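S.K.: Residue numbers (my numbering), protein chains in the order written: chain A, 1 to 158; chain B, 1 to 143.
There could be a bad hint or two in this list.
What the hints assert, rightly or not - In silico EDC-like links for lysine to aspartate or glutamate, alpha-carbon gap of 20 Å or less: (1) K18(B) / E111(A); (2) K28(B) / D146(A); (3) K18(B) / D146(A); (4) K56(A) / D142(B); (5) K118(B) / D50(B); (6) K48(A) / D10(A); (7) K23(A) / D66(B); (8) K150(A) / E21(B); (9) K78(A) / D146(A); (10) K18(B) / D43(B); (11) K23(A) / E109(B); (12) K149(A) / E21(B); (13) K73(A) / E108(B); (14) K28(B) / D10(A); (15) K113(B) / D50(B); (16) K23(A) / D50(B); (17) K23(A) / E14(B); (18) K78(A) / D142(B); (19) K23(A) / E36(A); (20) K28(B) / D42(B); (21) K23(A) / E108(B).
Claimed, not checked - Beta-carbon label-pair distances, calculated as ranges: (22) D50(B) / G54(A): 37 to 45 Å; (23) F130(B) / K158(A): 19 to 27 Å; (24) E39(B) / S41(A): 34 to 42 Å; (25) Q124(B) / E125(A): 39 to 47 Å; (26) M152(A) / G10(B): 41 to 49 Å; (27) M154(A) / K18(B): 26 to 34 Å.
Said to hold, decoys possible - Simulated coverage check for chain A against chain B, where a stretch passes if three residues somewhere in it have a Cβ under 8 Å from a Cβ of chain B: (28) 16-27; (29) 43-54; (30) 63-74; (31) 142-151.
Hint data in this document are derived by calculation from the structure and do not stem from the laboratory. For clarity, every value in this text was computed on a predicted model and none was experimentally measured. Just so you know, even glycine gets a beta-carbon here, dropped at the ideal spot from N, CA and C.
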Amino acid sequence: MNIVLARIDDRLIHGQVATVWSKSTGCQRIIVCDDEVAADSIRSTLLKQVAPPGIKSHVVDVDKAVRVYNNPKYAEDKCMLLFTNPTSVLRLVNAGVPITSINIGGMSFKEGKHQITGAVSVNDEDIAAFKSLNEKGIELEIRKVDSDKKVMLMDVLK
Amino acid sequence: MFAIIVGTHGKFSEELIKTCEMICGATKNVKTVTLIPGEGPDDIVGKYKDAIAHMDTDGRVLFLNDLFGGSPYNAACRLVIENEQYGIVTGVNLPMLIEMVSVQMTDEETDIKGLMEKAIKAGQAGIQTFHASAIAEEAEDDL
């Protein structure tokens, strides 16, 4: 699998992803990697039917995402991976999936989180996961769309 | 780069661009022309000319109008009839505008008729339906 974009965005497939990122990355598949969403049949059914034209969308749990990554059948496929949180990304990375850069598009505010930029709010678990990813040398960049200037997450996580 | 002018009745065009920018980020070479009650065809033609004069255009101007046969469209026709590098597409919607804004960033080749064709396709493709019965019919395509 050729990972053309790994993005954390808890809105998952929405306007920015369906129109801008799907085009700029030229991906063939959008794979939502999230245990909770994969277990929710209504959410995953709805996500599967909002794939942009010509692109297939899938919803899998993190363990399955690792198996899909390692499946030689998909070796040539250009895929966009979508996550709702950095802990899922860390699990994938720890399972040996090579991700060198993570785009953070949106993490909505909820009780117990604090807002670090307009579109990104984090809790303690998120911070710990981001720190681990950073220690592995993975770039953590905040951008809503392709043409935005990258803001480095570690710089605003203070 | 070709120029995009969204010409509509009222402030639809201004709000449509703001909405488009929520999704694709700031636009560069897109202007709006609004028809305000009381204005006539000459006012609109003047506004179009003024918009074009203030845009970076390689000659090609794509007018996206709200309503076929409406005043913003009729006024655009008066400019388009005199310039083969100008073209109009009506029924502007958000998918159409998003597509043309992204084409604008990358495309240097397509002639105005090709651009008009792309706008129509994107506008039509953006109209979809969803009903609960669709789920059962859908063939599962699992990884």
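S.K.: Each hint: holds or not?
M.R.: Results of checking the hints against the structure:
1. A C-alpha spacing of about 30 Å is found between K18(B) and E111(A), which places the hinted pair above 20 Å, so the restraint is violated.
2. Simply put, K28(B) and D146(A) have alpha-carbon atoms about 15 Å apart, close enough for the 20 Å limit, and the pair holds.
3. Between K18(B) and D146(A) the CA atoms are separated by roughly 18 Å; this keeps the pair inside 20 Å, and the hint holds.
4. Of the pairs offered as hints, the one joining K56(A) and D142(B) holds, with about 10 Å between alpha carbons and a cut-off of 20 Å not exceeded.
5. A C-alpha spacing of about 26 Å is found between K118(B) and D50(B), which places the hinted pair above 20 Å, so the restraint is violated.
6. Straight-line distance between C-alpha atoms of K48(A) and D10(A) comes to about 16 Å, which keeps the hinted pair within the 20 Å bound.
7. Taking the CA atoms of K23(A) and D66(B), the gap is near 26 Å; set against the 20 Å cutoff, the hint is violated.
8. Restraint check for K150(A) and E21(B): satisfied, since their Cα atoms lie roughly 18 Å apart, inside the 20 Å limit.
9. Under the criterion of a C-alpha separation no larger than 20 Å, the hint pairing K78(A) with D146(A) is consistent with the structure, at around 17 Å.
10. Taking the CA atoms of K18(B) and D43(B), the gap is about 24 Å. The hint is violated against a cut of 20 Å.
11. Of the supplied pair hints, the one linking K23(A) and E109(B) holds, its CA atoms being roughly 18 Å apart against a limit of 20 Å.
12. In summary, the hint linking K149(A) to E21(B) is supported, as the alpha carbons are separated by about 15 Å, within the 20 Å threshold.
13. Taking the CA atoms of K73(A) and E108(B), the gap is near 37 Å; set against the 20 Å cutoff, the hint is violated.
14. Of the supplied pair hints, the one linking K28(B) and D10(A) is violated, its CA atoms being roughly 29 Å apart against a limit of 20 Å.
15. Using a Cα cut-off of 20 Å, the hinted pair K113(B) and D50(B) is violated, with the two alpha carbons roughly 23 Å apart.
16. At most 20 Å may separate the alpha-carbon atoms for a hinted pair to count; K23(A) and D50(B) exceed this at roughly 33 Å.
17. A C-alpha spacing of about 25 Å is found between K23(A) and E14(B), which places the hinted pair above 20 Å, so the restraint is violated.
18. With a C-alpha separation of about 16 Å, the suggested pair K78(A) and D142(B) falls inside the 20 Å cut-off, and the hint holds.
19. As the CA atoms of K23(A) and E36(A) are separated by approximately 27 Å, the hinted pair breaks the 20 Å bound.
20. The hinted pair formed by K28(B) and D42(B) fails the criterion: a straight-line CA distance of about 27 Å is larger than 20 Å.
21. Taking the CA atoms of K23(A) and E108(B), the gap is near 17 Å; set against the 20 Å cutoff, the hint holds.
22. A hinted range of 37 to 45 Å for the beta carbons of D50(B) and G54(A) is consistent with their spacing of about 39 Å.
23. Separation of F130(B) from K158(A) is about 43 Å and departs from the stated range, judged on CB atoms against 19 to 27 Å.
24. Between E39(B) and S41(A) the CB atoms are about 53 Å apart, so this pair departs from the stated range of 34 to 42 Å.
25. Under the hint 39 to 47 Å, the C-beta atoms of Q124(B) and E125(A), about 44 Å apart, fit the expected range.
26. Look at M152(A) against G10(B): about 42 Å separates their beta carbons, and that is inside 41 to 49 Å.
27. In this structure, M154(A) and K18(B) meet the distance hint of 26 to 34 Å, their C-beta atoms being roughly 32 Å apart.
28. Proximity of the region 16-27 of chain A to chain B, defined as three or more residues with a beta carbon under 8 Å from a beta carbon of that chain, is established by the 4 residues found.
29. Only residues whose C-beta sits within less than 8 Å of a C-beta in chain B count toward coverage, and the region 43-54 of chain A has 4 of them, enough to reach three; the restraint holds.
30. Taking a C-beta to C-beta cut-off of 8 Å, the region 63-74 of chain A contributes 4 residues in contact with chain B, enough for the three needed, and the coverage statement holds.
31. Counting residues of the region 142-151 of chain A whose C-beta sits closer than 8 Å to any C-beta of chain B gives 5, which meets the bar of three, so the coverage hint holds.
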